[in-house]
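S.K.: So the chains spell out like this:
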Amino acid sequence: MLFESILLTIITASTPLLIAALGELVTEKAGVLNLGVEGMMVMGAACGFAGAVIFDSTVLGVLCGTLAGTATALLFAVVVLGFGANQTGAGLALTIFGLGLSGLLGHSFIGAKREPVSMLFIPYLSDIPFFGKVLFSQDAFVYFSFALTLLVYLFLNKTRAGLNLRAIGENHNSAHVLGLPVLKIRFWAILFGGACAGISGVYLSLVYTRFWSTGMTSGKGWIAIALVVFASWKPGWAVVGAYIFGAASVLQLHAQAAQFNIPHQILTAFPYVATILALLIKSIRYGRMAGAPGSLGIDYVLD
Amino acid sequence: MRIELSRRPDPSPVARALAPVFAAVLVFALGAVIVYLMGKSPSQVFYAYIVYPLSDAWGLEQIIAKATPLALIAVGLSYCARANLWNIGAEGQYTMGAIFGGWLAIHTHGTDAGYWVWPTMLVLGALGGMLWGLVPALLKTRYNVNEILSSLMLVYVVQQLLDYLGRGPWRDPQGRNMPNSAIFDGNAIIPSMIDGTSVHYETLIALLVVLISAVVFSRTVFGYRIRLTGDAPRAAHFAGYDNRTTTLIVFAISGALAGLAGIAEISGTNHQILAEIRTGYGFTSIIVAFLGRLNPIGILFASLVLSLSVIGGQNAQLMVKLPYDLTSTFQGLLLMFILAADAMVSYRLHIFRGKGRSHAV
Numbered sequence: 001m002l003f004e005s006i007l008l009t010i011i012t013a014s015t016p017l018l019i020a021a022l023g024e025l026v027t028e029k030a031g032v033l034n035l036g037v038e039g040m041m042v043m044g045a046a047c048g049f050a051g052a053v054i055f056d057s058t059v060l061g062v063l064c065g066t067l068a069g070t071a072t073a074l075l076f077a078v079v080v081l082g083f084g085a086n087q088t089g090a091g092l093a094l095t096i097f098g099l100g101l102s103g104l105l106g107h108s109f110i111g112a113k114r115e116p117v118s119m120l121f122i123p124y125l126s127d128i129p130f131f132g133k134v135l136f137s138q139d140a141f142v143y144f145s146f147a148l149t150l151l152v153y154l155f156l157n158k159t160r161a162g163l164n165l166r167a168i169g170e171n172h173n174s175a176h177v178l179g180l181p182v183l184k185i186r187f188w189a190i191l192f193g194g195a196c197a198g199i200s201g202v203y204l205s206l207v208y209t210r211f212w213s214t215g216m217t218s219g220k221g222w223i224a225i226a227l228v229v230f231a232s233w234k235p236g237w238a239v240v241g242a243y244i245f246g247a248a249s250v251l252q253l254h255a256q257a258a259q260f261n262i263p264h265q266i267l268t269a270f271p272y273v274a275t276i277l278a279l280l281i282k283s284i285r286y287g288r289m290a291g292a293p294g295s296l297g298i299d300y301v302l303d
Numbered sequence: 001m002r003i004e005l006s007r008r009p010d011p012s013p014v015a016r017a018l019a020p021v022f023a024a025v026l027v028f029a030l031g032a033v034i035v036y037l038m039g040k041s042p043s044q045v046f047y048a049y050i051v052y053p054l055s056d057a058w059g060l061e062q063i064i065a066k067a068t069p070l071a072l073i074a075v076g077l078s079y080c081a082r083a084n085l086w087n088i089g090a091e092g093q094y095t096m097g098a099i100f101g102g103w104l105a106i107h108t109h110g111t112d113a114g115y116w117v118w119p120t121m122l123v124l125g126a127l128g129g130m131l132w133g134l135v136p137a138l139l140k141t142r143y144n145v146n147e148i149l150s151s152l153m154l155v156y157v158v159q160q161l162l163d164y165l166g167r168g169p170w171r172d173p174q175g176r177n178m179p180n181s182a183i184f185d186g187n188a189i190i191p192s193m194i195d196g197t198s199v200h201y202e203t204l205i206a207l208l209v210v211l212i213s214a215v216v217f218s219r220t221v222f223g224y225r226i227r228l229t230g231d232a233p234r235a236a237h238f239a240g241y242d243n244r245t246t247t248l249i250v251f252a253i254s255g256a257l258a259g260l261a262g263i264a265e266i267s268g269t270n271h272q273i274l275a276e277i278r279t280g281y282g283f284t285s286i287i288v289a290f291l292g293r294l295n296p297i298g299i300l301f302a303s304l305v306l307s308l309s310v311i312g313g314q315n316a317q318l319m320v321k322l323p324y325d326l327t328s329t330f331q332g333l334l335l336m337f338i339l340a341a342d343a344m345v346s347y348r349l350h351i352f353r354g355k356g357r358s359h360a361v
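As they're listed, the protein sequences go chains A and B.
For what it's worth, this note's numbering labels the leading residue of the first sequence as 1, then goes sequentially.
For what it's worth, this note's numbering labels the leading residue of the second sequence as 1, then goes sequentially.
Bound-form chain A, shown alone:
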């Protein structure tokens, strides 16, 4: 069934975007703009793949990738929180750094290949025609991405720690006066974002392509950042956004395979154009920063 197979590939394309976007969402909710998602993601992809090959274990690969993303985020956290460096610039630097270092670490794994990751079939439910295959026979990352969405939503909206995190992101000066540990909470939020970007990268190299190539994230980290804006910093909308973008990139591939009489470059450029259009539509309808944390991207310095 073509429709079913298209739907399955859309899920595969959307999952990494969703995971990375959720991480960035939490970081931004704490008031920190980390533009280094691309760098953390590509580090996750390289180290996750390398780990899986070295230990011949997908689980250890995921662990390596997650740690790599987190470690890359740690560098950002130290520079931005400890030194008060400009967040936009430091994020860009992190991307350049991550793309370079991942190329270095991944170099000897070019050409290696991994077996497909096994799917988790949920008993009974996966036997339902169509829905069973689409909804209940996915790899663990897909279930994880939805669980993570729910957890992030509950954390931000239903817990005290989540409320504190949002308060810090909204106005760090007031939060400081209230006695909230601004830098500490931001530190953990940045690391969480890094871990998510790392997992998302692992997904790219271990599930999506099943090989490593230098710079393989090709802008997906930036699309994840755009998704957060598009989703107005709401986890539920991040799912919607991720699936729209996932669909855009997959339909583009199917259109190329179907050999319509249009240059394939137009189709390849489509997801990037779609990103701009999505931001544009969002701005026109709701105002650009609708839902943005008040202290987003601003240096936290006491006068």
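To be clear, the hints were calculated from the coordinates, so they are not data collected in a lab.
Mixed in with the good hints, there may be bad ones.
[What the hints assert, rightly or not] Reference listing, derived: stretches of chain B covered by chain A, where coverage requires no fewer than 3 residues with Cβ under 8 Å from a Cβ of chain A:
#	region
1	145-155
2	192-202
[Claimed, not checked] In silico contact screen, one side only, chain B against chain A (beta carbon under 10 Å); selected entries:
#	residue
3	82
4	86
5	161
6	164
7	211
8	215
9	283
10	335
11	342
12	344
No residue lacks a Cβ here, since even glycine has one placed at the ideal position from N, Cα and C.
Model the placement of chain B on the given structure of chain A, informed by the hints.
M.R.: For chain B alone, kept in the frame of chain A given last:
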């Protein structure tokens, strides 16, 4: 442990000037350690990286040739950055410049059109870069779309356009299906400034742009306007400056300079349209702009430093088998350290151990 940052009441101008130098030295030292840990001899690497390119005329020529586009683009970026705007799509504006200028070269090919071709190509290249740079600026001023994301997304879009042209309509019919155009005619190629070298008139243009921009920033009302818009947008508004117009102007300048660098690369170095020209100059220039303190003269020196790192990196790849990705890694770290050093000039870090008193650093 708890840490806090506070604003220094009077940041030292000496420290401000030395911060990027300090960052560069730190990255350099770190590089030596990493190279040592990788099992290479730091002195050999130092030789391949620094001494060798600087020790002969050919190396110096290469450094100048590579520093030229970096300086040109970085000066453009400094217009945006001074206005507190982030143009991270210079790589795309560079590519669009190559396309606009390349169009003329392709269409005059084989016609013996005359010497007006290459100067016109440069103008067209600047125009193309300017138009592509104005897209994120217009999206920002009219619809408030974040310029960082849109300018970057446009890089991927224009790279696909070039790929299409290079493989499709502009491909050399006699080129055995190679994804590139025919070699340009002589009058579509920027002449060398010094005979027999790859240093061509783009370098002269870059020097002029540096000088003019230095005057614009320090001596003109327009330069003041850009600064004011960046530092205090409300004050700029009350001073009667339209911040949207400022945004459009700085993006136009920045795009035009990147486009100029793009067409100069195609015309002066490649001598043909290639389906892919991902030099990364647009991204490296961001580092150049910050290393140069957003000051045109500083950028001139910074472009030489980064150019040396590119040439040195390529050398080290050949001579001591050091992967080139190591160079990009250190470029990223360099930018990170510059920003941190910069911040340390403005801010003071306090570390509280337990509940004890603070230790100012």
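S.K.: Work down the list of hints and note, for each, if the structure agrees.
M.R.: Hints, verified against the model:
1. 145-155: holds (count 8)
2. 192-202: Three-residue rule not met by the region 192-202 of chain B, so violated; n is 0.
3. 82: Where the cut-off is 10 Å and the nearest Cβ of chain A is about 14 Å from residue 82 of chain B, the hint is violated.
4. 86: It holds, given that the least Cβ distance between residue 86 of chain B and chain A is near 6 Å, below 10 Å.
5. 161: Result: holds, 7 Å to nearest chain A Cβ.
6. 164: For residue 164 of chain B, the interface hint holds, since the closest Cβ of chain A sits about 4 Å away, which is under 10 Å.
7. 211: Violated. Min distance 26 Å.
8. 215: This hint is violated: residue 215 of chain B lies away from chain A, its Cβ roughly 26 Å from the closest one there, beyond 10 Å.
9. 283: It holds, given that the least Cβ distance between residue 283 of chain B and chain A is near 6 Å, below 10 Å.
10. 335: holds, 4 Å
11. 342: With a closest approach of 7 Å, the residue 342 of chain B hint holds.
12. 344: holds, 6 Å
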